[in-house]
Structures are given as structure tokens and as C-alpha cells.
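A.B. asks: In order, the protein sequences belong to chains A and B. Just so you know, we're using the working numbering here: the first sequence kicks off at 1 and counts up by one. Just so you know, we're using the working numbering here: the second sequence kicks off at 1 and counts up by one.
Source of the hints: derived by calculation from the structure; they are not laboratory data. Misleading hints may appear alongside valid ones.
[To be verified] Mimicking DSS-like on lysine-lysine, the simulated pairs with C-alpha atoms at most 27 Å apart in a straight line are:
#, chain 1, residue 1, chain 2, residue 2
1, A, K55, B, K149
2, B, K149, B, K133
3, B, K133, B, K169
4, A, K59, B, K133
Note that the structure is predicted; figures quoted are calculated from it, not measured.
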Amino acid sequence: MDPVKSLGRGVLRWLGFGVLPLSLLLGCGGSVEPPDMTEEARGDQCVEPVDVIRKDHGKILTHERDHAVRDGVRNPDHGFVSCIDCHVASDARHSEPETHFCASCHTFNAVSVDCFECHRDRPSASAHLHSLNPHAPAPEFAWEADQQDVTATLAETGLLLPPSEDATQ
Amino acid sequence: MSRKNASLSRRQFITGAAAAVAGVTVAPGVFLMRSAEEKTAEGVRWGLLIDSNRCGDCNACVTACHAENGVHGMDRPRTDAQWIRKVDLRDPGTGHTRSLPVMCQHCENPPCADVCPTGASFRREDGIVLVDKHTCIGCRYCMMACPYKARSFIHEPLAGQAAHAPRGKGTVESCTLCVHRIDRGEGTTACVEACHELGNGAMTFGDLNDPDSAISRELAEHGGSAIRADLGLNPGVRYQGI
Numbered sequence: 001m002d003p004v005k006s007l008g009r010g011v012l013r014w015l016g017f018g019v020l021p022l023s024l025l026l027g028c029g030g031s032v033e034p035p036d037m038t039e040e041a042r043g044d045q046c047v048e049p050v051d052v053i054r055k056d057h058g059k060i061l062t063h064e065r066d067h068a069v070r071d072g073v074r075n076p077d078h079g080f081v082s083c084i085d086c087h088v089a090s091d092a093r094h095s096e097p098e099t100h101f102c103a104s105c106h107t108f109n110a111v112s113v114d115c116f117e118c119h120r121d122r123p124s125a126s127a128h129l130h131s132l133n134p135h136a137p138a139p140e141f142a143w144e145a146d147q148q149d150v151t152a153t154l155a156e157t158g159l160l161l162p163p164s165e166d167a168t169q
Numbered sequence: 001m002s003r004k005n006a007s008l009s010r011r012q013f014i015t016g017a018a019a020a021v022a023g024v025t026v027a028p029g030v031f032l033m034r035s036a037e038e039k040t041a042e043g044v045r046w047g048l049l050i051d052s053n054r055c056g057d058c059n060a061c062v063t064a065c066h067a068e069n070g071v072h073g074m075d076r077p078r079t080d081a082q083w084i085r086k087v088d089l090r091d092p093g094t095g096h097t098r099s100l101p102v103m104c105q106h107c108e109n110p111p112c113a114d115v116c117p118t119g120a121s122f123r124r125e126d127g128i129v130l131v132d133k134h135t136c137i138g139c140r141y142c143m144m145a146c147p148y149k150a151r152s153f154i155h156e157p158l159a160g161q162a163a164h165a166p167r168g169k170g171t172v173e174s175c176t177l178c179v180h181r182i183d184r185g186e187g188t189t190a191c192v193e194a195c196h197e198l199g200n201g202a203m204t205f206g207d208l209n210d211p212d213s214a215i216s217r218e219l220a221e222h223g224g225s226a227i228r229a230d231l232g233l234n235p236g237v238r239y240q241g242i
């Protein structure tokens with residue numbers, strides 16, 4: 001075989017399979033905007049540090065769900081319902097990911113696990129707070145006027161610190 | 001080794017799965033186990049007693065159960081989910097009729113759990129028979145095995161479930177004995193509550209293992225029978241007057 005021809009073919013192959021697709025990929029490298037968090041249901045703090053919960057929320061939920069379902073061991077810090085109560089707006093729908101805290105990020109990351117085919121996708125209570133969570137909200141968290149009753153009830157049962165003087169006014 | 005530990009399976013021991021645990025994160029991806037204070041009460045067996053002499057022509061228990069657990073019909077009676085239903089009995093000899101609610105009977109030896117190929121049907125330590133929908137594949141063997149026709153299959157996508165009662169297409173479900181209430185320590189179920197408030201007070205909820213509970217005292221005094229007692233399933237739901 002003609003060595004020049006075979007060299008030419010080699011170069012063509014190199015271009016075809018290597019350089020061209022790579023350069024096409026490089027052309028696609030625009031900036032990627034992560035989805036916005038819904039301000040309405042941001043929650044004032046999380047039950048774990050943000051970097052931990054961001055990486056491991058799936059692990060924590062899966063890890064503890066069998067104990068919850070089968071043994072009745074419920075960790076209020078890591079309850080699925082508590083996540084929803086705090087972080088999802090009451091008018092959000094998982095079928096409209098842009099409105100939904102969990103679904104927006106799952107869609108963005110092409111994660112197809114969907115807890116919400118069975119689990120309720122929005123809070124059943126109107127007040128966004130850690131309803132069962134012994135972690136009290138951050139001290140500077142401003143209570144809404146319509147949350148005062150809930151707060152007082154939770155404080156009675158020892159689940160929350162009573163609302164501060166400033167917040168009650 | 002304590003008696004409790006001796007009953008652990010090897011897998012449970014290795015994974016620590018049998019310990020009543022809650023995760024404490026020490027580093028990303030690393031969790032410390034700690035004992036949780038709350039779990040199913042030990043030595044308890046929850047049950048229901050239904051006095052069919054009192055139970056009348058009312059539907060309060062059915063309505064309350066379905067409202068509590070977010071069970072909505074699709075106007076298709078053949079396939080609609082049904083956690084509890086009223087059954088009318090008529091003695092053809094005398095013409096005497098009576099009506100009573102039938103739901104999951106929470107058997108001690110549940111046939112649904114026997115036939116389940118994935119282990120999704122199970123009996124909790126406190127006697128409540130449940131479906132773990134995380135592992136249910138919707139094969140419906142349990143529906144065929146159940147002699148009480150207590151289970152339903154969900155055929156269609158759902159929305160607006162109750163927060164404490166996840167339900168979804170492709171899984172089987174049945175009465176949970178209001179397990180969310182029991183775990184909150186309320187000591188009653190939606191049907192029993194409704195029966196006393198709106199109905200005829202025919203239902204009693206309680207611990208069958210506690211001789212001082214209302215249900216045990218009533219059973220000791222007046223007795224109660226199981227439906228299809230011949231099957232030897234020892235259900236947790238007992239009836240009087242049938």
C-alpha cells in the first residue's frame with residue numbers, strides 16, 4: 001500500500017474521530033446556570049450543614065426509610081415530610097419543576113428518582129417550618145403572624161423554643 | 001450477648017440494620033449510628049374489636065378512613081382503592097341482616113406476607129401488617145392470597161396524597177391501622193374515632209396483649225370471633241355478634 005495514502009487516511013481518521021468532535025464539544029462549553037431556589041420556601045436553615053445535605057440527602061433518606069417503615073423508628077431530623085414542609089412552597093407541583101425545590105434540581109441534574117409519584121409533593125401545613133424538628137429555627141428567624149399559634153403549640157410540647165419577644169410583636 | 005442481640009440475623013448484625021438507628025453525620029458520606037428513643041412499642045399487639053350488634057346502617061368509618069388517608073375514588077367502583085368497606089350479611093333462614101366494616105385484619109400469620117416475592121408485605125413487631133411501597137413491584141399476589149379481600153391496587157397516577165400516607169401507581173395498599181397515629185402515640189384510629197363521634201360506638205381500638213386495655217377486657221368478658229377463624233391466621237381484628 002502507498003505509505004503516503006495510508007498516512008493521509010490516518011490523518012483523516014485522527015481528524016474525524018478525535019479533533020473534530022473534541023472541537024465541537026469545546027464549542028458547547030457555555031456557562032450553565034443552576035436553577036434558582038424558590039425564595040418563598042427557602043427555609044431558614046437545614047438539619048445538616050449545606051454541603052453535607054447537598055451531597056448526602058439521598059443517602060440519608062434511603063438509609064433511614066426502612067427503619068421508619070418497618071420498625072417505626074422515625075428520626076424527625078431526617079423525615080421526608082419535614083424536608084417538604086420547610087423547603088417546598090404550598091402551591092408547588094413536582095410536575096412543574098421550576099416551582100418545586102426538589103424537582104428543579106433533580107431535573108437540572110438529570111436525576112430521575114421521583115419520590116413524588118407516591119409521596120405528597122407539597123406541604124400539608126401552610127406554615128413553612130420544621131414542624132417536628134427539635135432544631136429550632138435560627139434566632140433571627142422572623143415568625144409570620146399566622147405562625148404564632150403553631151409556634152406556641154410546638155413550644156408547649158418542647159419541640160421548639162418559644163418565639164422570642166421581638167418576633168411576637 | 002443479650003437475648004435481643006441473639007435474635008439478629010447475620011446481615012442485620014453486620015449492617016447494623018437491626019439497631020434502632022438514626023444517622024449522625026460525622027463527615028460527608030459517613031454516618032454515626034445512635035439509638036433512637038422511639039420505635040414500635042415492645043410486646044404490643046394492636047387490634048380492633050367491632051361489635052356488629054351496635055354497628056348500624058352508617059358509613060362514618062369508611063368516610064373517615066378515606067378522608068384521613070387521602071383515598072379518593074375515580075368513579076370506577078371495580079378498580080377504586082378501598083381500605084375499609086361495609087359488608088352486609090343476611091341470614092337466609094331468618095332474614096336477619098347486619099352490617100359491619102371489613103378492613104385488613106392484621107393477621108398474626110399474614111398470607112400476604114407469605115406470598116410476597118420481594119418482602120414488601122410485612123408484619124410490624126406491634127402486629128400491624130403493612131406494604132413497604134419502596135419494594136412493592138405491584139404483582140398483586142398478596143391481593144389473591146388475602147382471604148379478606150382487603151387490599152387494593154392503584155391503577156392510575158395519583159396526586160394530592162396525604163403527607164403521612166404515600167400512595168402511588170403500581171403498588172398495592174390496604175388499611176394501615178392508622179400507623180401514623182399510633183407512631184404519634186394517639187392510641188386511636190380514624191375509623192374508631194369517627195365511629196364514636198358520628199356512628200354507633202361499635203369499634204374499639206387497643207392493645208390485645210395488655211390484659212387491662214379496654215379491648216382485652218371486653219374480649220375477656222364477652223368474647224369475640226375472627227372471620228374465617230378456620231384458616232388459623234389469628235387476625236388482630238375481632239368481631240362480636242356474628
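A.B. asks: Hint by hint, say whether it matches the structure.
C.D. replies: Right, here's what the structure says about each hint:
Using a Cα cut-off of 27 Å, the hinted pair A/K55 and B/K149 is violated, with the two alpha carbons roughly 44 Å apart. Note on B/K149 and B/K133: the hinted pairing holds, with a Cα-Cα distance of about 19 Å set against a maximum of 27 Å. Proximity of B/K133 to B/K169 is assessed by CA-CA distance (about 10 Å); at most 27 Å being required, the pair is judged to hold. Straight-line distance between C-alpha atoms of A/K59 and B/K133 comes to about 18 Å, which keeps the hinted pair within the 27 Å bound.
Hint 1 from the earlier list is the only one contradicted by this structure; the remaining hints agree with it.
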